[in-house]
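**Student:** Sequence:
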Amino acid sequence: MANNSYYIEIDVLEALISIIDQFEEFNNKTIIYLENSKDYKESIFNISKLANGNKVYHDKYDKKFYNSNKNIIDKISKYVNVFEFFCYTYGTNKTTNDNILFYYNYIINNIDNIQNILELLNSFKRLGIKVVTYVNDSFKNEIYEFDYTTRYGTYYLENMYAIPTILTNRLIYKTKGSNYKIYTNNKNEIIVNNLLFDKRKLPSIIDKVALVKEIIELEDSIKEENELIKSAVILNVTIEDLQNQYEETEKLIQSLENINNKNEILITLKEINEQLKKIDIIKKMYNSSIKDKIDENILEVEKNIYLKIRNHIDYNSK
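Here the sequence shown is numbered in my numbering, starting from 1 and rising by one per residue.
Everything labelled a hint here was simulated from the structure, so no lab data went into it. The beta-carbon is built from N, C-alpha and C at its ideal position, and this holds for glycine as well. Hints are not guaranteed to be accurate.
[As the list claims (entries may be wrong)] Mimicking BS3-like on lysine-lysine, the simulated pairs with C-alpha atoms at most 25 Å apart in a straight line are:
| no. | residue 1 | residue 2 |
| --- | --- | --- |
| 1 | Lys125 | Lys230 |
| 2 | Lys230 | Lys270 |
| 3 | Lys174 | Lys213 |
| 4 | Lys303 | Lys283 |
| 5 | Lys29 | Lys63 |
| 6 | Lys262 | Lys293 |
| 7 | Lys230 | Lys201 |
| 8 | Lys176 | Lys199 |
| 9 | Lys140 | Lys41 |
| 10 | Lys308 | Lys293 |
| 11 | Lys94 | Lys125 |
| 12 | Lys78 | Lys199 |
| 13 | Lys277 | Lys291 |
| 14 | Lys283 | Lys176 |
| 15 | Lys70 | Lys38 |
[Unchecked claim] Label pairs and their computed distance ranges (CB to CB):
| no. | residue 1 | residue 2 | range |
| --- | --- | --- | --- |
| 16 | Leu118 | Asn287 | 51 to 57 Å |
| 17 | Ile32 | Glu217 | 27 to 33 Å |
| 18 | Asn122 | Asn186 | 28 to 34 Å |
| 19 | Asn122 | Ile32 | 33 to 39 Å |
| 20 | Asp147 | Asn36 | 51 to 57 Å |
| 21 | Leu118 | Asp98 | 20 to 26 Å |
Make a model of the complete structure from these sequences and hints.
**Tutor:** Spelled out as structure tokens, the structure:
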């Protein structure tokens with residue numbers, strides 16, 4: 001299940017929960033019914049009409065199935081259109097799809113928490129959420145970005161924290177772990193890694209402006225670190241530039257023939273190199289002094305970003 005995601009509309013999930021004790025038997029009967037049906041879509045359309053109290057003519061097969069399963073079908077119809085439930089559950093293959101089976105097994109495995117799950121689903125609906133997607137992910141390993149220039153959508157999570165960066169037009173952040181994530185440009189869907197968390201962990205409102213405002217406020221906690229990393233990156237890159245330039249200069253001088261005072265120039269370059277070594281020690285001491293605030297790995301990443309921007313390369317490129 002590591003890389004799988006399971007999508008379901010909340011109304012369909014609520015309908016499934018309402019028949020959870022009867023679903024396995026009902027599912028087996030329905031598959032046989034659909035396999036023997038002359039017209040799959042026409043049959044489930046007739047079942048839907050019957051559930052809505054409408055008459056169906058000239059099809060005793062559908063009426064018989066409906067009447068023998070009326071109690072279950074009527075329960076489904078309280079939450080979702082029966083035609084929609086059948087289409088979602090069985091698709092066009094007349095077999096139970098993986099999504100519905102996943103949620104069936106999930107509910108069965110957490111049957112003692114079914115009331116809490118229903119309360120959480122109701123909270124989703126109150127926030128305007130219509131779709132749940134389940135993933136097996138803590139969301140901790142992903143790096144999220146908000147672009148101040150384009151202001152494109154981004155993800156809202158629990159336990160967010162900003163990551164220091166030299167970039168001035170982007171906020172980089174991660175989560176220490178979250179039960180869910182919500183894309184700020186799509187209030188209809190929530191991506192979760194469980195359905196057992198406390199509903200109070202949800203935002204009070206799903207509004208792009210409100211969610212983005214809370215994300216932007218993360219930057220307040222790293223203003224000092226951003227200044228530190230800017231200084232550290234420029235210091236490190238500038239000194240490394242000097243060291244690289246020295247090495248290139250020495251090679252060039254060594255390769256030249258028939259120039260006056262070549263040895264004298266090389267001796268002077270060695271003296272410069274000794275001074276560069278001292279500067280490098282100062283650089284390392286500075287890096288060591290800020291390592292409690294700026295991780296070495298972050299510094300290295302930010303140096304690469306700075307160099308790519310300086311050299312007009314997309315900083316996201318590998």
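**Student:** If you test the structure against every hint from before, which numbers come out violated?
**Tutor:** Hints 1, 2, 6, 7, 9, 11, 14, 17 and 18 are the ones this structure does not satisfy, whereas the remaining hints hold.
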